[in-house]
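K.L.:
Given next are the chains, with one letter for each unit.
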Amino acid sequence: MYLLFSVVKPYTITMIDDEKIVKYLQSGPKEHDKAISYLYTTARFKAPIISFLKMRGLSNNETNILWTDIIVKFGLLVKSGKYEHQGKLLGYIKNLSNYMLLNYFRDNKKSNHAELKIDIVEDSDLVTATMYHKELKTLLDKQLSFIGEICKNTMFLWAKGYSMKEIMHKLSFVSLESTRKRKHTCLKKLLKLVEDNEGLSKTLKDYHNLLSS
Amino acid sequence: MKDTDKERIIEDLLFEAASRKSLQAQTKAFTLKRYISYAVAAILVLGIIAISGLLNFQDGSDLRQDLVAKSYTFPKISKSRSGQINIVDSYINELNAKKYSLVLEKLHNSNLSEVDSYVKSHLLFKAKKYEECKALINATEWEDEFLESDVNLLLVFIAAQSGEEPDELKKMLAKLNDSDMFKATEFINKIEASK
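Just so you know, the sequences run in chain order A and B.
Residue numbers for the first sequence follow the working numbering, so the first one is 1 and each next one is one higher.
Residue numbers for the second sequence follow the working numbering, so the first one is 1 and each next one is one higher.
Simulated from the structure, these hints should not be mistaken for laboratory data.
Treat the hints with caution; some may be incorrect.
[Stated by the list, open to error] Chain A is faced by these chain B residues, among others (derived, beta-carbon under 8 Å):
#1 6
#2 12
#3 84
#4 85
#5 87
[What the hints assert, rightly or not] Straight-line Cα separation of at most 25 Å, DMTMM-like style, residue types lysine to aspartate or glutamate; simulated pairs:
#6 2/B x 141/A
#7 28/B x 125/A
#8 142/A x 122/A
Remember, predicted model here, so these are calculated numbers, not experimental data.
Even for Gly, the Cβ is constructed at its ideal location relative to N, Cα and C.
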């Protein structure tokens with residue numbers, strides 16, 4: 001019995017209200033991870049979106065990929081101050097899902113996305129945030145594979161907001177100085193790869209122009 | 001595009017990639033935990049099935065013992081009127097007083113008459129010494145048809161106790177007279193009905 005309870009225990013998730021979710025997403029990396037993990041697994045958010053995506057003909061695998069991307073994108077929108085909580089968190093995620101789905105259909109040329117008949121609430125931040133999503137994600141993932149696992153993990157921790165001291169401990173670097181140097185070298189290496197990659201460089205410029213417009 | 005702008009966009013993309021990675025890792029761990037839970041649940045269910053199966057077996061065994069107890073009666077033994085000398089004739093009072101173990105002790109002799117063997121068979125059956133009982137019945141040359149039928153009914157009871165199936169029990173009815181055949185058939189029907 002003890003074994004069963006010890007296995008089942010991790011499923012018990014403490015309820016987090018919407019306001020706290022947003023607060024956590026705006027906080028440090030640990031709280032952020034906790035909040036996106038909660039959003040990602042809680043049926044109140046997951047069930048309606050998954051059902052919506054499946055009804056539009058996405059397979060289980062496609063649905064899971066898109067659901068992950070939606071939550072990750074929402075996390076970034078909150079962190080960068082694009083989302084203002086007005087008590088309509090689920091509604092906002094649904095609207096974000098609409099944009100992500102439209103882009104997904106367009107990018108994968110699954111069907112004429114104009115025929116999807118999705119009720120979108122106009123939101124310029126969501127337009128820019130979701131545009132070029134697939135291209136940028138795919139192209140960056142490819143460049144990340146060239147910088148090595150240690151560099152990649154260093155970049156991830158830095159981007160998530162971990163301090164140099166935390167990165168040093170997490171990746172067992174010898175000193176703060178070497179951690180800083182490593183981060184600097186890795187970022188330089190990645191930026192160089194981005195610069196050298198014509199496709200990524202162009203998409204980044206387009207994306208930047210869209211953000212600036 | 002300035003380098004700082006590029007760096008900021010890359011940082012956001014890295015942030016997304018890192019979040020995606022942690023969610024994927026979490027999904028894998030979650031799936032593993034779910035499989036472990038399924039495995040634990042399956043083991044528990046199998047355990048419960050095995051235990052309940054064992055209990056059912058014991059219940060079946062208990063039920064058969066109950067049926068035998070209800071169907072079996074120790075025969076009424078009277079003093080023999082024939083010229084034959086039986087050891088049991090000296091212990092009629094003890095038998096009537098149900099001092100079965102005492103009488104069984106007196107029948108350890110190997111030179112037993114047919115009636116002695118008959119009574120000893122029942123005493124062994126009462127004492128639950130089924131193997132000895134079977135051996136004695138099979139080793140005795142029964143001349144009296146009534147006695148032979150009665151001890152063969154005992155063999156049916158012993159076989160039933162050991163879990164023999166009704167079809168096998170039915171094959172043992174050949175040496176029974178009408179009265180014992182009726183008792184045995186009724187007994188076997190009850191076993192079948194209890195399944």
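K.L.:
Decide, hint by hint, whether the structure agrees.
P.N.:
Hints, one by one, checked against the model:
1. Interface restraint check: residue 6/B against chain A, minimum CB-CB distance 6 Å, threshold 8 Å, status holds.
2. A least Cβ separation of about 6 Å between residue 12/B and chain A falls short of the 8 Å threshold, and the interface hint therefore holds.
3. Checking residue 84/B against chain A: minimum C-beta separation of about 68 Å lies over 8 Å; hint violated.
4. Residue-level restraint check for residue 85/B is violated (minimum Cβ-Cβ distance to chain A is 68 Å; threshold 8 Å).
5. Residue-level restraint check for residue 87/B is violated (minimum Cβ-Cβ distance to chain A is 61 Å; threshold 8 Å).
6. Restraint check for residue 2/B and residue 141/A: the C-alpha separation of about 22 Å stays at or below 25 Å, so the hint holds.
7. Under the criterion of a C-alpha separation no larger than 25 Å, the hint pairing residue 28/B with residue 125/A is inconsistent with the structure, at around 32 Å.
8. The suggested pairing of residue 142/A with residue 122/A is violated, with an alpha-carbon distance near 32 Å, which exceeds 25 Å.
Taken one by one, the earlier hints fail for this structure at numbers 3, 4, 5, 7, 8, listed in ascending order.
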